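If you want the building blocks of each chain, they are given just below.
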Amino acid sequence: MSLAPHLPALQVVIPLLAAPLTVLLRRRGLSFALVLAASWLALAIAVSLWWRVHDSGPISYAMGSWPAPWGIEYRVDALNAFMLVLVTGIAALVLPYSRASLLAEVPPQQHYLFYTMFSLCLAGLLGITITGDAFNIFVFLEISALSSYVLIALGRDRRALLASYQYLVMGTIGATFIVIGIGLLYLMTGTLNLADMGNRIGAVQGTRPVLAALAFLTVGISLKLALFPLHQWLPNAYTYAPSAVSAFLAATATKVAVYVLLRFYFSVFGHSQVFGRLPMQEAMLLLALAGMFVAAAIAIVQSDLRRLFAYSSISQVGYIILGLSFDSKTGLVATIVHLFNHGITKGAVFMLLGCVALVMGGTTLARVQGLGRRMPLTSFGIVLCGLSLIGVPGTAGFVSKWYLILAAVQQGQWWLVFLIVLSSLLAVAYVWRFIEAAYFHEPRRDIEVGTTVPWSMAVPAALLVLATLYFGFDTSFTVESATRAAGQLMAGRP
Amino acid sequence: MTMLPEQAMVLALLVPLVGAVLIALASRTPNVREGITLATATTLLLCVLGALPAILAGQRPGFTLLTMMPGLDIAFRLEPLGMLFALIASGLWIVNSLYSIGYMRGNQEAKQTRFYVYFALSIAATMGIALSANLFTLFLFYEALTLLTYPLVTHQGTDKARRGGRTYIGLLMGTSIVFLLPALVFTWALTGSTDFTPGGILAGKLGHTGMAALLLLFMFGIGKAALMPFHRWLPAAMVAPTPVSALLHAVAVVKAGVFSVVKVIVYIFGADTLASAGVAGAADALVALAGFTIVSASVVALGADNLKRRLAYSTISQLSYVVMAAAVLAPLSLIGAAMHIAAHAVGKITLFFAAGAIYTAAHKTEVSQLDGIGRRMPWTMAAFAIASLSMIGLPPTVGFVSKWYMVSGAMAAQQTLVLVVIAVSTLLNAGYFLPIVYRAFFVAPAAGDAPHGEAPLPMVLALCATAAVTVVLFFVPDVPLALARQMVGP
Amino acid sequence: MTDSAVGMTLGGHFTYFITIFLMMAGLFIVIARGNLIKNLVGLGIFQTSVYLLYIAPGKLVGGTAPILAAGFTVYSNPLPHVLILTAIVVGVATLALGLALVVRIREAYGSIEEDEILALDAQPGGRAQAE
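Chains as they are written, first to last, in my numbering: chain A, 1 to 494; chain B, 1 to 490; chain C, 1 to 131.
Take these hints with a grain of salt, some might be off.
[Unchecked claim] For each label pair, taking beta carbons as the anchor points, the in silico distance ranges come out as: (1) B:275 - A:206: 52 to 60 Å; (2) B:56 - A:373: 15 to 23 Å; (3) B:70 - A:103: 29 to 37 Å; (4) C:78 - A:456: 47 to 55 Å; (5) A:283 - C:115: 28 to 36 Å; (6) A:283 - B:110: 51 to 59 Å; (7) B:110 - A:30: 25 to 33 Å; (8) A:48 - C:31: 42 to 50 Å; (9) B:395 - A:429: 47 to 55 Å.
[To be verified] Stretch-level coverage of chain B by chain A, calculated; a stretch enters the list once three of its residues show a Cβ under 8 Å from a Cβ in chain A: (10) 139-150; (11) 161-173; (12) 182-196.
[Unchecked claim] Computed from the model, here is a short list of chain A residues facing chain C with C-beta under 7 Å: (13) 113; (14) 161; (15) 165; (16) 166; (17) 168; (18) 179; (19) 410; (20) 412.
Hints were generated in silico from the structure; no laboratory data involved.
Please read these numbers as outputs of a predicted model, since none were measured by experiment.
Beta carbons are placed, not taken as given, at the ideal position from N, Cα and C, and that holds for glycine.
Same shape as in the complex, but just chain A (with noise of 0.2 Å):
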């Protein structure tokens, strides 16, 4: 009996059978175990996934053996294999790193119950990635929202319950928005399978309940990625959280959010009709500029390091967002290498700091002062996602710069060029704080000082910092699986 056919279904099954396993098994080890090995089965998986997919074209597998349209159809192609192994490889990466950091923040006999939220939250994300079908969308959605939610309350600060009680409210309100729109379009077009959606829609392109569809599916998934201004949700979540949670929800979240957005607006409703049709790419690119540029002011002003950080996340959003309202090619070749490029950094980044609040005690830039000094590799690495995040020649954030201020280039729209240019400058101002925090100042003697960071933090948290630099330099993984992607939405309904 061979396996490899049915790969779409198994990368969700193993992480979702994982779950219920990891709860009934209850002890700490065992329960880690599992997750870890469910996860990197998972990885493997989307590796096999993406080799498939880049030899041979799109796969399409039918749940139950049900044909699509009537049954549950998983459809692999370009954009949705790289997004699988953007999320596998960045659990493969912190579930060994949770390992260690959960023992300082989450009481040992709730250690199965993070486990079990977590492979619960991985298998939601991959099926939000991998189907085919527009309300199983919403129910993978669901299903990675309310373990999420779990997760953030787990954190040791109280504040961490007020945060999820929030983006519980928030998110359930964009997740409910977003059924009231598949909801329309399903009475508009009588299916629920994302192809024949999009070849049915053509009928009714244009009438009130589609355009009511596309708003309400806009707005819902622009809550779920934190676009401005609803993004009111993701500070408190990521700084509260515990720190693998934060390092997990910062890389994948509203990556996988974008993804919906982008597959909903190229292979369902067809771009032309949105961006032509309607002042989407006004709207869009307003509210990508606005996040930009306000999210990074914010930014420079707070005294929490996960704080900034989480509004530097809200401000590359503003990036990714700008990238997709050009309605180009190379728009979206920039916006789906930020997707991955901005992944792995602020992966890096929140893993990082994690091992900081191990020894420290706390990220403010109080306590990390002098911190070049106290923990010169980890300030190092935080330093170097910092410039990754500014979008310096040589690591991933520049690759992405460079596709969004060619896509400007290329519409001759010099205005924006120099509004993308100039945050970056504002990205310079926060990263910078921490810089002179953490190099002149002496290390504080007073504050307690906990242990040197174990292996099990350090090495995940450099791999995905060398990631960091390795993908500003070899890109062609992802700029080719991008460009690939984008080749296929732009051509996928006219």
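We have chain A; now place chains B and C onto it with these hints.
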């Protein structure tokens, strides 16, 4: 030992990197560490010299390192101007290292290992700039140089250093991100390439206003050339220890700036393209801007009492000589620009060495305190005098040679404004250099001045060496002149 | 519009009116109420409106129950019911999780009024981790 020029290039890039690692490992043994620095610098010079014969013979060796993005390579190619820059940088690194040893030990500075490591890394980045085959590679190493010199500028770690560092990073990264990067992207989008090509790659691609706008975008983007109004980083960086100032203002950073300016004008735009009728006047704005910078910086230097500040504004002024001469676009002035890169380097490094020697031996920083110091520090002030002559442009120093070519080029292109600017600024240069020399030797020291001797020996050796080179190059300018001539064309 | 046309519009679409009313009522409660449990109630109402949005159009005019039988050609659509069962489960899970969070918040803060909680956090002693 003969080696292929490509091998020499690879070594020129690797040697400073390896040296940096070895220096870091030797942090516990200062003497070994200093020895490694000197050995690395000497090896680098030998590698660079190893490629010289091939360049003089007309070869242009090169290789591609890797393809970063589709259509964008990190590639290296050695051509005459790059060769000149590489020679200056590697040669002066040896001298600067010798000087640094004396200065750092004489002033008992802290964190010396970090200093030498980032010095070596900065030289590696400088080599990358000198050897780059296309604008993309140059931009990569240009940004790296900014970041690697930041720890050197802020070495002291004080609040003052921090603020100076902010201005340094803010202006340099600001100009390169806001102006240079869009210009680079636009060039690539327009022509599909960023390769440095004799004759330029923009011929016929842009109209008059577009060409002028792109040129100004590049010039403001290359903030290291200290063109006004983005010159403030240079005096702000004076907060660094003097060996760093010598490196920044003579060897690496500013030279990288004007080197990039000349490269862009000659190999991206092309002198003929800019001078052609279709885009006439595109370069005139640049000439005016550079001329303004020259004169106003000289005026500020006249009024500056702090010696390093005076030298900083003198540097700003002298850099714009190169920009102005390049913007004149005549072959003779281009040769003058290239020669001036070399002439200013050896002259200014001597002046900064002298300033540091004065600080180390006498703890004096202001010009008004320097009465009679020539009697106590004869070697230092003699070198200072020779270097001043070179800055003013008088024989028998190499500064005269470069000025001669710049004036000849301006006359050939009938740019009277340029001639006026050169004349006025020469007078101003004399106005702020000669009084120092006069007072040092011919005025009695102020009463109550504590007696002191010369600076430590390594420092004196270094500054005498560079002063001597200033004179030698006047009599034997063959190598720089040949390289400059080759750049302009066969 | 004639009377019958207006009646057709109102009568034929009354489910949509109820849907919109529930949606807006739910959203208003979420925004306007500071009590955490009342927020959840509003959220629940908001989610309920979606159920009606899906199910009502499933009933086709003249359609019978979706069980194959001779003599019938028009069947009501069973798919929306299936979808909404899933959505109801999601809603229940969300409500349960929300209430569990409220219980923990009550333990940690001593209150479930949002303004009181924010005031507690704003105090210097209110921080769980002092800097």
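Query raised in the report: Quick check: which numbered hints come out false for this structure?
Result: Going through the list in order, the structure violates hints 2, 3, 7, 13, 16, 19, 20 and respects the others.
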